[in-house]
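K.L.:
Single-letter residue listing:
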Amino acid sequence: MKKEKSNIKKMRIEPYMFLIPSFLVFGVFLFFPFFKTIYLSLYKTNKMGQAKLFVGLDNYTTLFKSASFYNSLLVTLIFVAIVVIGSMALGLVTAMLCNKTFPGIRFFSTAFALPMAIASSSAAMIFKIMLHPSVGIINKLLGTSINWVHDPKYALVCVALLTAWLNSGINFLYFSAGLSNIDETIYERASVDGANGVQQFFRLTLPGLAPIMFYTLVVNIIQAFQSFGQVKILTEGGPGESTNLIVYSIYRDAFFNYRFGSAAAQSVILFIIIMVLTLVMFRIERKGVKY
Amino acid sequence: MDNSISFEKLASFTEEEREAFHEQMKERQISKQRMRKGIRVVINIVVALFVLLPLLYAISVSLMPSGELYTLELNLLPKNPTLRNFADAIAKVPLVRFVVNSFLVAGLITFGQIISCSLAAFSFSFLDFKGKNALFMLVMATMMIPGEATIISNYLTVSGFGWLDSYQVLIIPYLTSAMGIFLFRQFYLSFPISLYESAKIDGCSNLRFIVGILLPLTKAAIGAMAVYTFINAWNMYLWPLLVTGSNTMRTVQIGIGMLDSDESQSIILMIAGVVMIILPSLSIFIVGQKQLIRGMFQGAVKG
Numbered sequence: 001m002k003k004e005k006s007n008i009k010k011m012r013i014e015p016y017m018f019l020i021p022s023f024l025v026f027g028v029f030l031f032f033p034f035f036k037t038i039y040l041s042l043y044k045t046n047k048m049g050q051a052k053l054f055v056g057l058d059n060y061t062t063l064f065k066s067a068s069f070y071n072s073l074l075v076t077l078i079f080v081a082i083v084v085i086g087s088m089a090l091g092l093v094t095a096m097l098c099n100k101t102f103p104g105i106r107f108f109s110t111a112f113a114l115p116m117a118i119a120s121s122s123a124a125m126i127f128k129i130m131l132h133p134s135v136g137i138i139n140k141l142l143g144t145s146i147n148w149v150h151d152p153k154y155a156l157v158c159v160a161l162l163t164a165w166l167n168s169g170i171n172f173l174y175f176s177a178g179l180s181n182i183d184e185t186i187y188e189r190a191s192v193d194g195a196n197g198v199q200q201f202f203r204l205t206l207p208g209l210a211p212i213m214f215y216t217l218v219v220n221i222i223q224a225f226q227s228f229g230q231v232k233i234l235t236e237g238g239p240g241e242s243t244n245l246i247v248y249s250i251y252r253d254a255f256f257n258y259r260f261g262s263a264a265a266q267s268v269i270l271f272i273i274i275m276v277l278t279l280v281m282f283r284i285e286r287k288g289v290k291y
Numbered sequence: 001m002d003n004s005i006s007f008e009k010l011a012s013f014t015e016e017e018r019e020a021f022h023e024q025m026k027e028r029q030i031s032k033q034r035m036r037k038g039i040r041v042v043i044n045i046v047v048a049l050f051v052l053l054p055l056l057y058a059i060s061v062s063l064m065p066s067g068e069l070y071t072l073e074l075n076l077l078p079k080n081p082t083l084r085n086f087a088d089a090i091a092k093v094p095l096v097r098f099v100v101n102s103f104l105v106a107g108l109i110t111f112g113q114i115i116s117c118s119l120a121a122f123s124f125s126f127l128d129f130k131g132k133n134a135l136f137m138l139v140m141a142t143m144m145i146p147g148e149a150t151i152i153s154n155y156l157t158v159s160g161f162g163w164l165d166s167y168q169v170l171i172i173p174y175l176t177s178a179m180g181i182f183l184f185r186q187f188y189l190s191f192p193i194s195l196y197e198s199a200k201i202d203g204c205s206n207l208r209f210i211v212g213i214l215l216p217l218t219k220a221a222i223g224a225m226a227v228y229t230f231i232n233a234w235n236m237y238l239w240p241l242l243v244t245g246s247n248t249m250r251t252v253q254i255g256i257g258m259l260d261s262d263e264s265q266s267i268i269l270m271i272a273g274v275v276m277i278i279l280p281s282l283s284i285f286i287v288g289q290k291q292l293i294r295g296m297f298q299g300a301v302k303g
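In order, the protein sequences belong to chains A and B.
Mapping the first sequence onto the numbering used here, position 82 (from 1) lands on 82, and the numbers just tick up by one.
Mapping the second sequence onto the numbering used here, position 188 (from 1) lands on 188, and the numbers just tick up by one.
To be clear, the hints were calculated from the coordinates, so they are not data collected in a lab.
Remember, it's a predicted structure, so these values are computed and weren't measured experimentally.
There's no promise every hint is true.
Below, simulated BS3-like cross-link-like pairs (lysine-lysine); rule was C-alpha separation at most 30 Å, straight line [claimed, not checked]: (1) A:K65 <-> A:K52; (2) A:K140 <-> B:K132; (3) B:K132 <-> A:K36.
These stretches of chain A come out as covered by chain B in the derived footprint (C-beta under 8 Å, 3 or more residues) [claimed, not checked]: (4) 56-65; (5) 90-103; (6) 120-126; (7) 151-157; (8) 268-276.
Every residue, glycine too, gets a C-beta built ideally from N, C-alpha and C.
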């Protein structure tokens with residue numbers, strides 16, 4: 001009798017035991033800092049990041065009055081738009097190129113997916129030398145002498161295109177999976193009916209990719225919002241504040257200006273943006289995205 | 001249309017002529033297909049060169065004597081390739097140490113995530129308990145919290161622990177992931193439950209079932225997870241930048257930043273450093289790509 005009871009008790013506790021390792025880490029490094037960030041965003045802090053003075057929503061109202069914050073939101077939006085369009089376009093083109101088998105397809109599909117294995121910081125260093133005003137290969141190939149990353153006109157575009165290149169690798173995989181799910185026979189029927197390649201692309205391929213397209217879009221937007229390493233290495237937010245993306249702005253406010261309260265408020269705003277986008281993603285996924 | 005022969009004409013052909021005509025048509029079809037394939041290969045080569053340009057250029061620069069980089073001529077390939085830049089880069093900063101650190105950190109994170117995620121996923125897919133769905137939703141909800149948004153509080157936490165500039169600060173915060181739990185659970189949901197039940201009847205404990213049966217039979221998921229996690233950990237930047245300060249603890253991505261200074265020679269050493277630290281993650285990706293793709297997309301299909 002006693003043994004049975006302890007068995008039942010064991011049965012009840014055991015499932016939770018398996019969850020402990022994960023939930024310990026989530027608890028200490030995700031849930032706790034999440035609430036602490038919200039808490040900090042309501043305070044003025046000292047240089048050690050300790051909450052000293054409760055100021056309510058002051059940090060937020062200051063942000064929404066600051067031109068620098070609006071600039072940061074604006075450049076982030078432009079950046080995200082360029083990154084998402086660029087990386088999805090490149091991912092789609094490369095996926096279509098590897099859609100039918102041909103000699104060497106394995107080599108090419110590895111090449112097109114490869115950027116996903118490269119660190120943003122390493123990529124930024126390579127682009128630093130490619131975009132170098134005097135010895136860089138880009139100026140030499142184009143016959144220009146533009147100081148790409150120090151010119152406010154070009155800096156943001158450069159960082160964005162670098163990020164688009166980095167993110168295109170995983171998009172290649174998403175789109176390849178999407179394309180392989182489109183029934184080949186509809187193309188055969190369409191060519192019999194006399195549809196040309198362009199018509200087939202817009203009438204058959206794009207609609208066939210629609211479900212994975214939405215999913216990829218949202219994943220790309222979220223990922224682009226979180227870019228940091230490339231900004232830190234290539235432009236440090238400059239020139240001026242032309243590449244001061246929101247994550248870089250958080251980093252600078254907290255670890256250079258020691259304004260942890262303001263940085264926490266920006267983190268909360270970043271979180272809200274990402275949360276809304278993730279909810280959209282889950283909703284789309286539930287509507288039945290099939291890979 | 002040169003091959004549009006009228007029906008009457010075709011009918012008037014002899015058997016032999018007709019056969020020859022069919023043969024000709026077939027050949028044309030084949031050569032047309034061959035042309036298409038050829039065009040496809042050519043376009044692929046052009047696009048692949050474009051996609052790989054940054055990497056190929058980095059490798060090329062890393063092999064150049066520094067005199068060759070600093071010219072105004074177009075210098076795509078080194079004329080006198082040399083390995084000196086690699087030796088100089090290693091001499092200038094403790095690159096070997098950084099590589100060891102990164103291997104240790106990325107390896108332990110990968111190992112830890114596989115353990116913690118498979119345990120949690122086992123519980124979520126094989127066991128019944130109170131609050132199971134709520135807890136699983138909670139795990140999924142963590143995907144919504146971007147790492148960057150908690151980085152300040154995490155920094156304050158670990159500096160409060162006195163953990164700054166240590167291995168544990170680089171590893172412990174990353175010892176689990178919602179994506180990993182999700183991926184493993186997807187695999188486990190399609191695992192034959194009868195196997196679990198018969199193991200239970202034989203008196204096999206849950207832990208022994210996981211280690212002895214479940215993990216060996218879901219190697220595909222573990223492979224995908226390992227490749228993905230290792231590469232991500234190897235490429236980590238913001239967190240190690242904040243929490244490491246000394247040469248003994250720096251990881252590769254932060255370490256090569258030390259090669260980046262205003263001296264004119266340094267840029268070529270930096271590229272040599274980048275090439276050296278990119279090789280491990282690229283090799284792992286190339287070797288594990290098939291596993292990764294299979295795992296990613298098999299796991300994503302609802303079981």
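K.L.:
Taking the hints in turn, state whether each one holds.
P.N.:
Outcome of the hint check:
1. As the CA atoms of A:K65 and A:K52 are separated by approximately 23 Å, the hinted pair is consistent with the 30 Å bound.
2. Straight-line distance between C-alpha atoms of A:K140 and B:K132 comes to about 60 Å, which puts the hinted pair past the 30 Å bound.
3. Under the criterion of a C-alpha separation no larger than 30 Å, the hint pairing B:K132 with A:K36 is consistent with the structure, at around 26 Å.
4. Using a Cβ-Cβ cut-off of 8 Å, 0 residues of the region 56-65 of chain A lie near chain B, which falls short of the minimum of three, so the contact claim is violated.
5. Coverage of the region 90-103 of chain A by chain B holds in this model, with 8 residues showing a Cβ closer than 8 Å to a Cβ of that chain against a need of three.
6. Closer than 8 Å: that is the beta-carbon criterion, and the region 120-126 of chain A has 6 residues meeting it against chain B, so the requirement of 3 holds.
7. Here the region 151-157 of chain A counts 0 residues with a CB under 8 Å from a CB of chain B, which misses the bar of 3, and the coverage is violated.
8. Three residues within the 8 Å Cβ limit are the bar, and the region 268-276 of chain A against chain B gives 5, so the coverage statement holds.
In this structure, the earlier hints numbered 2, 4 and 7 are contradicted, and the remaining ones agree with it.
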